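Enquirer: So the sequence lines, in the order shown, correspond to chains A and B. Mapped onto our numbering, the consecutive letters of the first sequence carry residue numbers 1 to 111. Mapped onto our numbering, the consecutive letters of the second sequence carry residue numbers 1001 to 1117.
A portion of the hints provided could be inaccurate.
Said to hold, decoys possible - Below, in silico cross-link-like pairs of lysine-lysine (DSS-like), each with a Cα-Cα straight-line distance of 27 Å or less:
id	chain 1	residue 1	chain 2	residue 2
1	A	LYS110	B	LYS1057
2	A	LYS42	A	LYS110
3	B	LYS1014	B	LYS1057
4	B	LYS1057	A	LYS42
5	B	LYS1057	B	LYS1071
6	A	LYS42	B	LYS1009
7	B	LYS1071	B	LYS1014
8	A	LYS56	B	LYS1057
9	B	LYS1071	B	LYS1009
10	A	LYS67	A	LYS56
Claimed, not checked - Facing chain B, according to a computed beta carbon distance under 10 Å, are these residues of chain A, among others:
id	residue
11	ASN7
12	SER43
13	PHE49
14	ASN53
15	TYR71
16	THR100
17	GLY102
In short, the hints are calculated from the structure, not lab data. Keep in mind it's a predicted model, so treat the numbers as computed, not measured. From the three backbone atoms N, C-alpha and C, an ideal C-beta is built for every residue, glycine too.
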Amino acid sequence: QKEVEQNSGPLSVPEGAIASLNCTYSDRGSQSFFWYRQYSGKSPELIMFIYSNGDKEDGRFTAQLNKASQYVSLLIRDSQPSDSATYLCAVKSNAGNMLTFGGGTRLMVKP
Amino acid sequence: NAGVTQTPKFQVLKTGQSMTLQCAQDMNHNSMYWYRQDPGMGLRLIYYSASEGTTDKGEVPNGYNVSRLNKREFSLRLESAAPSQTSVYFCASSYSIRGRGANYGYTFGSGTRLTVV
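Hey, can you work out the whole structure from these sequences and the hints?
Expert: Below is the structure:
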């Protein structure tokens, strides 16, 4: 079992809809959670981080964390074609030294 | 302020050749990392350096060596390239590994696309 799991997709949503991306992790000692966006042929860029249970909003993006259930999600409201990319979930353990990445979910937003 | 700079951006090697991928950051980050990214495999950690003077193996270190030359620079060397090392390589850096929050996420370089024939 991978330490960080994501559905590879593609997840297809119409423009203006809410895209919901999910991630589960196995290490209960994980402390910080990150969402990266990666356009095709480009490097990952950080879009959200969260470390407390609940929701965190930043513009059209909302990260949700549930440590008891060991999942973290990313909601994208009013999805735009420019949001089409692969979204990587990454988890950092307080004891560990690195981020562990999921395989990514490919999102396609159709006009 | 360039962030994380990787060179070269593209490289084709013949099996058995050696090469060094260069990475430099100007953000005064303590920690630096080398990942490879393959289709369907996500990002896998090759080596990392928690601070200047230290290096440690990651998930897939075989066939690679690294050097943390100073706080800014972290290089990755392939001593005898193999077709299995065809991949996209990303260097990344971050602040202190024990923190949390956005400052402790990674900043990535633009990547090196390596093909071994």
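Enquirer: With the threshold set at 27 Å, check whether the alpha-carbon distance from LYS42/A to LYS110/A stays at or below it.
Expert: 21 Å, holds
Enquirer: Hey, LYS56/A versus LYS1057/B, does the alpha-carbon distance stay inside 27 Å?
Expert: Measuring from Cα to Cα gives roughly 34 Å; hence the hint is violated.
Enquirer: Can you confirm whether the C-alpha distance between LYS1014/B and LYS1057/B stays at or below 27 Å?
Expert: 25 Å, holds
Enquirer: Does LYS110/A pair with LYS1057/B here, judged by a C-alpha cut-off of 27 Å?
Expert: 42 Å, violated
Enquirer: Would you mind confirming whether the straight-line C-alpha gap from LYS67/A to LYS56/A stays at or under 27 Å?
Expert: 14 Å, holds
Enquirer: Are LYS42/A and LYS1009/B close enough, with their CA atoms no more than 27 Å apart?
Expert: Answer holds: LYS42/A to LYS1009/B is near 11 Å, not above 27 Å.
Enquirer: Against chain B, with CB atoms and a cut of 10 Å, does the hint on SER43/A hold up?
Expert: Since chain B brings a Cβ to about 4 Å from SER43/A, closer than 10 Å, the hint holds.
Enquirer: So, ASN53/A near chain B? Judge it on the closest CB pair being under 10 Å.
Expert: 14 Å, violated
Enquirer: Would the hint on TYR71/A be counted as holding, given a Cβ-Cβ threshold of 10 Å to chain B?
Expert: 18 Å, violated
Enquirer: Taking 10 Å as the limit, does the beta-carbon of THR100/A come near enough to a beta-carbon in chain B?
Expert: Check passed: Cβ of THR100/A comes within 8 Å of chain B, closer than 10 Å.
Enquirer: Is the Cα-Cα distance between LYS1071/B and LYS1014/B 27 Å or less?
Expert: Violated. LYS1071/B to LYS1014/B sits at ~32 Å, over the 27 Å cutoff.
Enquirer: Next pair to validate is LYS1071/B with LYS1009/B; report whether the Cα-Cα distance is within 27 Å.
Expert: It holds: about 22 Å lies between the C-alpha atoms, which stays within 27 Å.
Of the numbered hints listed earlier, those contradicted by the structure are 1, 7, 8, 11, 14, 15.
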